[in-house]
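Chemist: Spelled out from the first residue to the last, the chains are:
Protein chains: 2
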Amino acid sequence: MTATPRITIDPAFVERLILEMAEHGSDGGTGVSRTVYSPEWVEATRLYARRCEEAGLKARMDSVGNVWGKLEGSQPGKSIVSGSHIDSQTPGGRYDGILGALAGLIALKALKEQFGQPKRTLECIAFCEEESSRFPSANFWGSRAITGGTRVDDPEKTIGFGGETIASAMREVGLDPALIPEARRADIDSFVELHIEQGPILEHANLPVAVVTGITGIRHYEIELRGTQNHAGAFPMDLRRDPMAGFAEIASGVVNTAHRWGRPAVSTVGRVHVRPNATAIIPDSVTFTLDARHPDPVLCQKLYETHEAFMREVAKRRNLEISWKIMIDHPACPSDPGLVSTLRGAADTQGVPTMLMASGAGHDSQQMAKIAKVAMIFVRSKDGRSHTPDEFSSIEDIVAGIEVLAAGLYRLAY
Amino acid sequence: MTATPRITIDPAFVERLILEMAEHGSDGGTGVSRTVYSPEWVEATRLYARRCEEAGLKARMDSVGNVWGKLEGSQPGKSIVSGSHIDSQTPGGRYDGILGALAGLIALKALKEQFGQPKRTLECIAFCEEESSRFPSANFWGSRAITGGTRVDDPEKTIGFGGETIASAMREVGLDPALIPEARRADIDSFVELHIEQGPILEHANLPVAVVTGITGIRHYEIELRGTQNHAGAFPMDLRRDPMAGFAEIASGVVNTAHRWGRPAVSTVGRVHVRPNATAIIPDSVTFTLDARHPDPVLCQKLYETHEAFMREVAKRRNLEISWKIMIDHPACPSDPGLVSTLRGAADTQGVPTMLMASGAGHDSQQMAKIAKVAMIFVRSKDGRSHTPDEFSSIEDIVAGIEVLAAGLYRLAY
Numbered sequence: 011m012t013a014t015p016r017i018t019i020d021p022a023f024v025e026r027l028i029l030e031m032a033e034h035g036s037d038g039g040t041g042v043s044r045t046v047y048s049p050e051w052v053e054a055t056r057l058y059a060r061r062c063e064e065a066g067l068k069a070r071m072d073s074v075g076n077v078w079g080k081l082e083g084s085q086p087g088k089s090i091v092s093g094s095h096i097d098s099q100t101p102g103g104r105y106d107g108i109l110g111a112l113a114g115l116i117a118l119k120a121l122k123e124q125f126g127q128p129k130r131t132l133e134c135i136a137f138c139e140e141e142s143s144r145f146p147s148a149n150f151w152g153s154r155a156i157t158g159g160t161r162v163d164d165p166e167k168t169i170g171f172g173g174e175t176i177a178s179a180m181r182e183v184g185l186d187p188a189l190i191p192e193a194r195r196a197d198i199d200s201f202v203e204l205h206i207e208q209g210p211i212l213e214h215a216n217l218p219v220a221v222v223t224g225i226t227g228i229r230h231y232e233i234e235l236r237g238t239q240n241h242a243g244a245f246p247m248d249l250r251r252d253p254m255a256g257f258a259e260i261a262s263g264v265v266n267t268a269h270r271w272g273r274p275a276v277s278t279v280g281r282v283h284v285r286p287n288a289t290a291i292i293p294d295s296v297t298f299t300l301d302a303r304h305p306d307p308v309l310c311q312k313l314y315e316t317h318e319a320f321m322r323e324v325a326k327r328r329n330l331e332i333s334w335k336i337m338i339d340h341p342a343c344p345s346d347p348g349l350v351s352t353l354r355g356a357a358d359t360q361g362v363p364t365m366l367m368a369s370g371a372g373h374d375s376q377q378m379a380k381i382a383k384v385a386m387i388f389v390r391s392k393d394g395r396s397h398t399p400d401e402f403s404s405i406e407d408i409v410a411g412i413e414v415l416a417a418g419l420y421r422l423a424y
Numbered sequence: 011m012t013a014t015p016r017i018t019i020d021p022a023f024v025e026r027l028i029l030e031m032a033e034h035g036s037d038g039g040t041g042v043s044r045t046v047y048s049p050e051w052v053e054a055t056r057l058y059a060r061r062c063e064e065a066g067l068k069a070r071m072d073s074v075g076n077v078w079g080k081l082e083g084s085q086p087g088k089s090i091v092s093g094s095h096i097d098s099q100t101p102g103g104r105y106d107g108i109l110g111a112l113a114g115l116i117a118l119k120a121l122k123e124q125f126g127q128p129k130r131t132l133e134c135i136a137f138c139e140e141e142s143s144r145f146p147s148a149n150f151w152g153s154r155a156i157t158g159g160t161r162v163d164d165p166e167k168t169i170g171f172g173g174e175t176i177a178s179a180m181r182e183v184g185l186d187p188a189l190i191p192e193a194r195r196a197d198i199d200s201f202v203e204l205h206i207e208q209g210p211i212l213e214h215a216n217l218p219v220a221v222v223t224g225i226t227g228i229r230h231y232e233i234e235l236r237g238t239q240n241h242a243g244a245f246p247m248d249l250r251r252d253p254m255a256g257f258a259e260i261a262s263g264v265v266n267t268a269h270r271w272g273r274p275a276v277s278t279v280g281r282v283h284v285r286p287n288a289t290a291i292i293p294d295s296v297t298f299t300l301d302a303r304h305p306d307p308v309l310c311q312k313l314y315e316t317h318e319a320f321m322r323e324v325a326k327r328r329n330l331e332i333s334w335k336i337m338i339d340h341p342a343c344p345s346d347p348g349l350v351s352t353l354r355g356a357a358d359t360q361g362v363p364t365m366l367m368a369s370g371a372g373h374d375s376q377q378m379a380k381i382a383k384v385a386m387i388f389v390r391s392k393d394g395r396s397h398t399p400d401e402f403s404s405i406e407d408i409v410a411g412i413e414v415l416a417a418g419l420y421r422l423a424y
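Residue numbers (the working numbering), protein chains in the order written: chain A, 11 to 424; chain B, 11 to 424.
Some hints could be false.
Copies of one chain are not kept apart here, so a pair can be met inside one copy or by any two copies together.
Under the rule of at most 25 Å between Cα atoms (straight-line distance), these lysine to any residue pairs were calculated in the SDA-like manner [to be verified]: (1) LYS335 - ALA32; (2) LYS68 - GLN127; (3) LYS392 - THR238; (4) LYS312 - ALA342; (5) LYS392 - ASN287; (6) LYS335 - ARG285; (7) LYS326 - ASP186; (8) LYS326 - ARG421; (9) LYS392 - ASN329; (10) LYS335 - ASN287; (11) LYS88 - GLY41; (12) LYS392 - ARG328; (13) LYS392 - THR289; (14) LYS326 - GLY263; (15) LYS326 - ASN266; (16) LYS392 - ARG285; (17) LYS380 - ARG130; (18) LYS326 - THR267; (19) LYS68 - PRO86; (20) LYS122 - ALA215; (21) LYS312 - THR289; (22) LYS88 - PRO344.
What the hints contain is simulated information worked out from the structure, not anything from laboratory work.
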C-alpha cells in the first residue's frame, strides 16, 4: 500500500445522483416508496446500471436482482466491494440504503478517474432488497442470495403484504427464482457499506462520519398476553384478568430496563394489537412486539434473558397466559478490526474527523460477514431520523463519508 | 298498599319466551345479533306485541319504535312501567336487554292473572335501541325519545357502521323520524328495569338477585400521546420521545388508581391505536381510550380529575404532547331510595335473598330518571359475562328476579 493521496469527490455529481434516484418511487415531497421488484425498482436498477456503465464500470444484474458495477484490477484475487440496498421503506426517504449503493459507484468512478486501474478488483453493488417493506420475511433478500442464505423453498414461501409470492414478483420482472443460487459469491475479500447513521449520536457529537465497530444483535419477539374479556363497567378491578394492565407493566418494564442499562442497549415496543379493541370491554388479549438489541454478544443474550424473565413474572403474578414467537434473531456482528483500522486511518488522510460507534440497526453487512471481512461508514443523520421522508443528511457530510470510503478502497485496492 | 301476597311465575313460560325471542337475530349457537330497525328487530318487536296482546295487555308501537304493553288501572294517575331494550350487541347473547323487556311482560301477565285489574296503570316496554351496535352514536335511542332527549337533527346525523342514517333505517321499517317527538311521555311515575348483572358480584356473593342503588357515572376519553418517530435500533433510549413508554405508564397508572380505590371504582383501557405500528419503529403516536366509572357523583368527578392530572404529569415529564376528547360523559344516576326500599321489601315477601349494589354499566333507567323515579333489579350472570354469546343466567335466578319485580309492581300498583 502506498501513501493515501487526497481524493476529490464532486458534491454536484453526488447531489444529482441522489435526486435523480429519488424520482423512482417518489412518494410526495421527499418521500420514496421503492419496494423490491416494483416498477419503480426496475427503473432504479436500470438507472444504477447505466450510471455504472457511464463511469466505466462493467454493469450486470445478478440472478436475484442485485446490480453490480465492476472495475477490474490488474492482479488476480478476490474483490473489494462497497454498496448498500436500493429498496426503501413505504415511505422512506432519499438516503436509507440507496446512499450506500451510490457511494460505492461514486467512489469507484472517482478512483478510476483520479488513479486509473486498481491492482485489486473493485466492485460496487445495489442490493435488491433489505427493508422487508413489501415481503415481511424477505429481509436481506439480496445479500442472503450472495452469501448462500436463501433456502430452496424461500421464493414460494415468502409472501407479500398483498398476498403475492416473491417468486411471482421475480418472474414479473424477468428473473427466474430457480436461478437464485447463481447469485452466490465466494470471491469477495472485503465489504464496506456506507449508510446514514439513522440515529442522533453523530449529531450530538458534532461529527460528520463514524466508522462502525459492529452491528447490534437484534431479536424481535411477538408476544401474546391473554386474560378474560369482560364488561368494563360491571367487572370489579380486583377480579379482572386484564391483559392490557399486564401489557402496560411489561412495556414499561422492558423500556426501563434498556434505559437503565444505558447505551448501546435499546428495547422498543412498536406494534400493538388489542382484541377486541373496544372502549368498554376489558380485552381478551393484547399482542405486541418487542425489539431488543445490543452489539455485545454476551450482553445481548443477557438483555433477552432479563426481558423474558420479567415478562414471565408479570404474566404469572397477574394470572395471565403468555406466549411468544421469535420473529427475527440476528446475532451481534463485530466489524473486522483490520478494516476498521484501515477506514479510520483513511479518514485521517482526508482530514475527515470520525468517531467509532456500534450500529443499532441491521444492515446487509451482517450477511456479507459470512463470506467476507466487513466494516461500515456512517454519515450524520439530521435529528437522527430515518425510515421517514424527513430523513436528511447534508451533501457536505455525505461527501466526507464518500471521501473516507474512497480512501479506504484506495488503501485496499491500489 | 295491602300486604304483598306470594306471586307465582311459571319457569317454563319464562324459558319459552327467552328462547323464541333468541331466534330473531340468532347468530350461531347462543349468539344473538339484533340491531335496531333490522329485519330481525321487526320480527322481535312483532312477537313482543303479540305476546302482550295474548297476556291481555294493550300493545302499541310508538313513533320511535318502542313497543308498549298496557294494563289499565282502575284509578287515574301516572303509570308504573317496567322493561328494557330489545336490541343486542353483534353478537351478544340471549339475555342482555331483552330479558328485562320480557320480565315486564311476564310480571304484568302474572299480576293480571293472579290479582286482576290494578289500581294504577301498569305498562311494560321493549325499548327499540340501547346498545349503539348499529349506529355508534344512537345509544339510548328509545328511552331518549321518551324523555325528550332526541335533538331535531339527530335522525339525519346519526350514521350507521354501514354509512346509512338512522332516519333512513326508520323509514325502511315504516317509521317517520319527524314524528319522534310524539314518543315523549310525561305520565310515568316510576320505572323499574330488570337486567342481567353483567358482572361477577352476585356470583361471588352467592345470591340470585340484587336491587340497584344507582347507575355509575361513565366517562369515555379518547387520548392521543405524540412523541417522535424514530428507528428502534439507532436511537438511544435517553434521547427518545417514545409515546408507547408514556402510554404504558399511563395505562398502568389509571388501572392501579382504580384498583387501589377499590369497588365500585373502575377504569379500563380497552382500545389502542399505534402509529405507524411497526416492530422496529419508535411510534409517532399512541391513541387510546380510557373508560372511567364511579356511581357516587362526587367521587366520580374526583376519579376523573385524578386520572387527568396523572396523564398530564406523565406527558409533561416525558416531553410528550397529550390531548384528549371526551366521547361519552354520563353523570352518575342514583336510584330513587323509596323504590329501592319497595323492591328490597318486595324481595323479602317472596323469600328471594338480595343484596344492594351499584350498576357499573349504563342502562335506559338513567334516561328514564329524567322523567320518573327509577330503580333496577339485577339477576346473577354466570362468570359475570355479557356482550357475548356466552352470557348466561339460570331460569331459576331469572324467575327469582321476576318475582321481585312483580311483587314490587304489586306494591306500587295494587
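Chemist: Work down the list of hints and note, for each, if the structure agrees.
Modeler: Do the hints match the structure? See the list:
1. In the homo-oligomer, the alpha carbons of LYS335 and ALA32 never lie at most 25 Å apart, since the shortest distance is 36 Å inside one protomer and 40 Å across protomers.
2. In this assembly of identical chains, LYS68 and GLN127 lie within 25 Å of each other by CA distance solely inside one copy; the values are 13 Å within and 103 Å between copies.
3. In this assembly of identical chains, LYS392 and THR238 lie within 25 Å of each other by CA distance solely across copies; the values are 13 Å between and 46 Å within a copy.
4. Within a single copy, LYS312 and ALA342 get their C-alpha atoms as close as 13 Å, which meets the 25 Å cut-off; across copies the closest is 51 Å, which misses it.
5. With identical chains, the CA atoms of LYS392 and ASN287 are at most 25 Å apart between copies only, with a shortest distance of 23 Å across copies and 37 Å within one.
6. Taking the closest pair of Cα atoms, LYS335 and ARG285 come within 25 Å of each other both inside a single copy (18 Å) and across two copies (23 Å).
7. In the homo-oligomer, the alpha carbons of LYS326 and ASP186 never lie at most 25 Å apart, since the shortest distance is 50 Å inside one protomer and 55 Å across protomers.
8. For a Cα distance limit of 25 Å, the shortest separation of LYS326 from ARG421 qualifies neither inside one copy, at 57 Å, nor across copies, at 52 Å.
9. For the homomeric pair LYS392 and ASN329, the shortest alpha-carbon distance between copies (20 Å) is at most 25 Å, but the shortest distance inside one copy (45 Å) is not.
10. Taking CA atoms no more than 25 Å apart as the test, LYS335 paired with ASN287 passes in both settings, with 22 Å inside one copy and 18 Å between copies.
11. In the homo-oligomer, the alpha carbons of LYS88 and GLY41 never lie at most 25 Å apart, since the shortest distance is 38 Å inside one protomer and 69 Å across protomers.
12. In this homomeric assembly, LYS392 and ARG328 come within 25 Å of each other (Cα to Cα) only across copies, at 22 Å, whereas the closest approach inside a single copy is 43 Å.
13. Taking the closest pair of Cα atoms, LYS392 and THR289 come within 25 Å of each other only across two copies (22 Å); inside a single copy the shortest separation is 39 Å, beyond that limit.
14. Taking the shortest alpha-carbon separations for LYS326 and GLY263, both the intra-copy value of 15 Å and the inter-copy value of 20 Å come in at or below 25 Å.
15. In this homomeric assembly, LYS326 and ASN266 come within 25 Å of each other (Cα to Cα) both inside a single copy, at 20 Å, and across copies, at 18 Å.
16. With identical chains, the CA atoms of LYS392 and ARG285 are at most 25 Å apart between copies only, with a shortest distance of 22 Å across copies and 38 Å within one.
17. In the homo-oligomer, the alpha carbons of LYS380 and ARG130 lie at most 25 Å apart inside one protomer (21 Å), although the nearest pairing across protomers, at 90 Å, exceeds that limit.
18. Within a single copy, LYS326 and THR267 get their C-alpha atoms as close as 19 Å, and across copies as close as 21 Å, so both meet the 25 Å cut-off.
19. With identical chains, the CA atoms of LYS68 and PRO86 are at most 25 Å apart within one copy only, with a shortest distance of 17 Å there and 103 Å across copies.
20. Within a single copy, LYS122 and ALA215 get their C-alpha atoms no closer than 34 Å, and across copies no closer than 87 Å, so neither meets the 25 Å cut-off.
21. For the homomeric pair LYS312 and THR289, the shortest alpha-carbon distance between copies (21 Å) is at most 25 Å, but the shortest distance inside one copy (38 Å) is not.
22. In this assembly of identical chains, the alpha carbons of LYS88 and PRO344 lie at most 25 Å apart only when taken from the same copy (21 Å versus 84 Å across copies).
In the structure shown, a violation is registered for the earlier hints numbered 1, 7, 8, 11 and 20, in ascending order.
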